[in-house]
Structure formats: structure tokens, C-alpha cells
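2 protein chains.
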Amino acid sequence: MNHVMELLKSHTSVRKFTNKLVDDQLLKEIIQASQYASTSNHIQAYTIIRVKDQAKRKTLAKLSGDQPYVEECPIFLVFCADLNRLGKACSIHHEVIESSSTETFILATVDTALVAQNIMIAAESAGLGGVYIGGIRNNPQGVCDLLQIPHHVYPVFGMCLGYPEKINATKPRLPLSLILKEDTYSTDGDENHLTEYDELISNYYKVRTNNERSNTWTEGIATYLKNKQRPHMKDFLHNKGFEMK
Amino acid sequence: MNHVMELLKSHTSVRKFTNKLVDDQLLKEIIQASQYASTSNHIQAYTIIRVKDQAKRKTLAKLSGDQPYVEECPIFLVFCADLNRLGKACSIHHEVIESSSTETFILATVDTALVAQNIMIAAESAGLGGVYIGGIRNNPQGVCDLLQIPHHVYPVFGMCLGYPEKINATKPRLPLSLILKEDTYSTDGDENHLTEYDELISNYYKVRTNNERSNTWTEGIATYLKNKQRPHMKDFLHNKGFEMK
Chain A
48 MNHVMELLKS HTSVRKFTNK LVDDQLLKEI IQASQYASTS NHIQAYTIIR
98 VKDQAKRKTL AKLSGDQPYV EECPIFLVFC ADLNRLGKAC SIHHEVIESS
148 STETFILATV DTALVAQNIM IAAESAGLGG VYIGGIRNNP QGVCDLLQIP
198 HHVYPVFGMC LGYPEKINAT KPRLPLSLIL KEDTYSTDGD ENHLTEYDEL
248 ISNYYKVRTN NERSNTWTEG IATYLKNKQR PHMKDFLHNK GFEMK
Chain B
48 MNHVMELLKS HTSVRKFTNK LVDDQLLKEI IQASQYASTS NHIQAYTIIR
98 VKDQAKRKTL AKLSGDQPYV EECPIFLVFC ADLNRLGKAC SIHHEVIESS
148 STETFILATV DTALVAQNIM IAAESAGLGG VYIGGIRNNP QGVCDLLQIP
198 HHVYPVFGMC LGYPEKINAT KPRLPLSLIL KEDTYSTDGD ENHLTEYDEL
248 ISNYYKVRTN NERSNTWTEG IATYLKNKQR PHMKDFLHNK GFEMK
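Chains A and B, in that order, are what the protein sequence lines are.
Counting with our numbering, you get residues 48 to 292 for the letters of the first sequence.
Counting with our numbering, you get residues 48 to 292 for the letters of the second sequence.
Treat the hints with caution; some may be incorrect.
Identical copies look the same in the list; a pair holds intra-copy or inter-copy alike.
Unchecked claim - The calculated DMTMM-like cross-link candidates involving lysine to aspartate or glutamate, where the alpha carbons are at most 25 Å apart (straight line), are:
no., residue 1, residue 2
1, 103, 259
2, 103, 235
3, 135, 238
4, 63, 230
5, 103, 229
6, 275, 142
7, 281, 235
8, 75, 119
9, 292, 145
10, 275, 290
If you are wondering where the hints come from, they were derived from the structure by calculation, not from laboratory data.
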């Protein structure tokens with residue numbers, strides 16, 4: 048396994064950072080290198096908003112479900128799926144983009160995720176660490192108001208970056224047999240693999256928390272997903288011009 | 048700029064591959080390292096189907112809009128956003144997942160994109176090249192029938208991987224000033240930057256095609272997006288249990 052793969056395999060979320068500032072030039076290099084991520088038909092349907100203003104950071108931390116590292120981290124980025132720029136490109140040539148389709152929503156969301164993952168990898172390669180902030184979708188309209196995010200643009204997630212104060216052990220992932228299939232989506236043997244993985248995760252939590260936590264993976268999933276997550280997203284997106292037609 | 052960033056910055060889509068086979072052990076290492084991508088609440092909501100069967104490959108190449116490299120490439124992967132496994136995890140604990148919400152659709156789609164991008168980077172670090180196949184959504188129901196993809200799972204994109212026969216020059220990306228904003232989504236100066244980028248892209252095509260092609264970026268976008276893309280996606284997803292509620 049080469050050292051790029053070792054880097055990928057060492058990823059853990061970092062939420063505590065040292066006071067060391069991140070050089071602006073380094074951040075610029077990270078983002079510019081990351082822009083070479085694949086993009087459907089070269090549409091590059093994303094915009095990244097770096098939030099430096101501390102009052103805005105404080106509000107974002109609150110809007111994201113009281114996550115203090117959103118306020119405290121050296122670099123905070125809001126990743127937006129962006130059809131607005133594409134609309135401008137079309138209007139220059141007297142065309143109108145069909146921006147309210149499910150497909151354009153997928154195109155822009157995937158483009159945003161690909162470039163963000165490159166940024167996470169590039170940052171980690173430079174000794175930084177970070178965490179995605181899905182909580183940016185807790186109150187996406189509040190985020191849009193705060194950052195003046197226009198129609199046909201929506202914040203998909205945030206990202207904290209900085210020099211890690213501490214790096215945790217990696218959390219075990221699902222066994223390959225569960226996530227990689229051959230020629231058909233077959234679930235033969237999945238139940239046994241799930242049971243094994245449940246034990247692995249339970250042991251991981253026990254070790255990490257001095258036996259204070261011991262839930263399995265399936266328990267964690269059931270607890271998380273039994274409640275409808277972010278039920279406002281449909282209406283929010285509809286109001287933003289993403290109508291999922 | 049370190050060599051990981053250099054690797055990211057050197058990305059180009061590869062559609063022509065040598066006959067050299069990709070070692071199964073290498074593919075396994077690539078995917079296992081890539082699984083450490085961030086995942087919302089550790090849900091890991093994706094399944095990858097490797098398609099080896101040549102008859103299926105031929106059908107997939109046709110379903111994806113007659114893209115011959117889907118049939119010819121050494122490795123072809125179909126990346127699926129997967130809520131089915133999460134549903135099983137919930138049912139073990141007598142809970143029911145709300146799998147038809149817009150939010151769970153975003154969660155699973157983003158999870159899938161993050162792990163896929165890690166796989167692209169890991170593959171490139173090992174000397175492979177590849178290309179995403181969004182065309183897998185041209186006829187997603189056909190893909191589901193062929194690969195027996197169940198309810199609450201949908202194919203987001205495919206990916207061809209192999210040893211590159213030839214590596215193209217990279218295609219210039221949008222200038223940083225267009226995609227990176229500070230504190231607000233401001234579009235001041237965007238028009239001038241778009242004009243400059245249009246010239247850059249036009250020159251890029253001229254050089255690459257011996258003056259046969261010279262369109263600008265905004266022209267390309269207008270031509271691509273003036274027609275509604277994949278209008279079947281809403282109904283397809285609805286029928287698959289992704290109701291975007």
C-alpha cells in the first residue's frame with residue numbers, strides 16, 4: 048500500500064485544533080489543486096464560501112446545532128451546490144437552464160462533494176485535519192440569509208480545517224464483503240457480516256470510551272434514523288429553486 | 048505544493064486503457080483505504096458493484112449512451128447510494144427508517160461521492176487512471192434490472208479504471224476568484240473573470256483539437272444545459288423509494 052493510500056486510510060474527523068494559523072497561500076494551493084476533481088461536463092457546479100468574520104462564525108456554530116469547533120477552527124468553509132453561475136453562462140448565450148430538475152440537483156451535489164473530498168485529502172497531506180459539518184443543513188435558510196446565498200445555490204455541508212490538537216484512532220469501516228458486490232447486488236452472507244461488524248464497532252467504542260459506550264453499528268443506525276432527519280429540506284430546496292421536477 | 052496535491056492537480060479523465068490487468072489485491076487495497084472517507088454519522092450509505100461479466104458490460108455500455116470504454120476498461124464499478132442496508136440495520140432493532148426524505152437522499156448521495164473520489168485518488172496514486180460515468184443515469188432502471196439493484200438503492204454513477212494508454216493535458220478549471228468567496232456569496236467582478244476563463248477554455252480546445260474546436264466555457268454550458276437533462280430521474284427515484292419528501 049503506497050503512502051497516498053496510507054493517508055486515505057488514516058482519516059479521522061478532527062474537531063480540536065491548535066492555535067497555529069493556516070497560511071493563506073497553503074489554503075489557496077489546496078483548493079486550486081482540488082479543483083481538478085472530476086466534474087460532469089466540466090460544469091464545476093460549486094462555490095465555496097470561506098467564513099472569516101467571527102460574528103458569522105458564532106452564528107453558524109449555533110445554526111449547525113451548537114458545534115463550537117465551527118466557531119473555533121482556523122478555517123471554516125461552506126460548500127454550496129451552485130446552479131446560479133451556470134444560469135449566468137446560459138443567459139450570456141440567450142439560453143435558460145432547467146435548474147429545477149432532480150438531475151441538475153444531483154449533478155451539482157455530486158460536483159460539490161467530489162471537490163470537497165479532494166480538499167480534505169489535500170489538507171491532510173499538508174498536515175491539517177478537519178471534519179465535514181452536515182449540521183449546516185440544520186437551518187439552511189438561516190445560513191443562506193447570513194451568507195447572502197442566492198437562488199439556485201444551496202449549502203450542502205461545511206468543513207472545519209486546521210492543525211490537529213490530537214488525532215484519534217480510525218473507526219473501523221464496514222467489511223469489504225458488505226459494500227463491494229460482483230455483477231449483481233447480492234445480499235448472501237450479509238447478515239453474518241453485519242453481526243461481525245456490530246461486534247467490532249461495539250469493541251471499538253468500549254476501548255475508546257473506557258466501557259462507557261458499547262453500542263453496535265446497527266443500534267447506532269437505528270437510533271439515528273428512526274426519526275426523520277431534517278424534514279425541512281424539501282421545502283427549503285423548493286424555495287431555493289431546486290424543485291426536484 | 049506537495050506531491051499529493053501534485054497528484055490531485057494532474058487529474059484528467061482516462062478513457063483509453065492498456066491491456067494490462069489490474070491486480071485484484073490492488074483493487075481491494077484501493078477500496079479498503081478509500082472506505083475511510085468521511086461519512087455522515089458513520090452510515091456508509093453506499094454499495095459498489097464491480098461488473099466483470101462481459102455481457103453485462105456490453106449492455107451497460109449501451110445503456111450509458113454507447114460509451115465503449117464501459118465495456119472495454121479493465122475495471123468497471125457502479126456506485127450506488129444505498130439506504131437498503133440501513134433499513135436492515137433498523138429492522139434488527141424494530142425501527143423503520145424514513146428512507147423517502149430529501150435529506151436521506153442527500154446523505155446517501157454525498158457518502159457515495161466521497162468514497163468514489165477517494166477511490167479515484169487512490170487508483171491514480173497507484174498509476175491507474177479512470178473516468179466517472181454519469182451516463183449510468185441515462186437509463187437507471189435498465190441498470191437496476193441488469194444488476195438486480197433493489198428498492199432504496201440507486202446507481203449514482205459508474206467508474207472505469209485501468210492503466211492509461213495515454214494521459215491528456217489537464218483542462219483549466221474556473222479561476223479561484225469565481226469559486227471561492229469570503230463571508231458572503233458576492234459576484235463582484237465575476238463577469239470579467241468569466242470572460243477571461245472563456246478565452247482560456249477556447250484556447251485550450253484550439254490547441255487540443257488543432258483548431259477544430261474553439262468553444263468557450265459559457266457556450267459549452269449553454270449548449271449542454273439548454274435541454275432538460277435526464278428528465279426521467281424524478282419518476283425513477285420515486286419508484287425506487289426515494290420520494291424526496
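Status of each hint after checking the structure:
{"no.": "1", "hint": "103 to 259", "result": "neither (36 Å within a copy, 49 Å between copies)"}
{"no.": "2", "hint": "103 to 235", "result": "between (50 Å within a copy, 20 Å between copies)"}
{"no.": "3", "hint": "135 to 238", "result": "between (50 Å within a copy, 9 Å between copies)"}
{"no.": "4", "hint": "63 to 230", "result": "between (43 Å within a copy, 22 Å between copies)"}
{"no.": "5", "hint": "103 to 229", "result": "between (48 Å within a copy, 11 Å between copies)"}
{"no.": "6", "hint": "275 to 142", "result": "between (39 Å within a copy, 12 Å between copies)"}
{"no.": "7", "hint": "281 to 235", "result": "neither (35 Å within a copy, 30 Å between copies)"}
{"no.": "8", "hint": "75 to 119", "result": "within (20 Å within a copy, 38 Å between copies)"}
{"no.": "9", "hint": "292 to 145", "result": "both (10 Å within a copy, 21 Å between copies)"}
{"no.": "10", "hint": "275 to 290", "result": "both (20 Å within a copy, 13 Å between copies)"}
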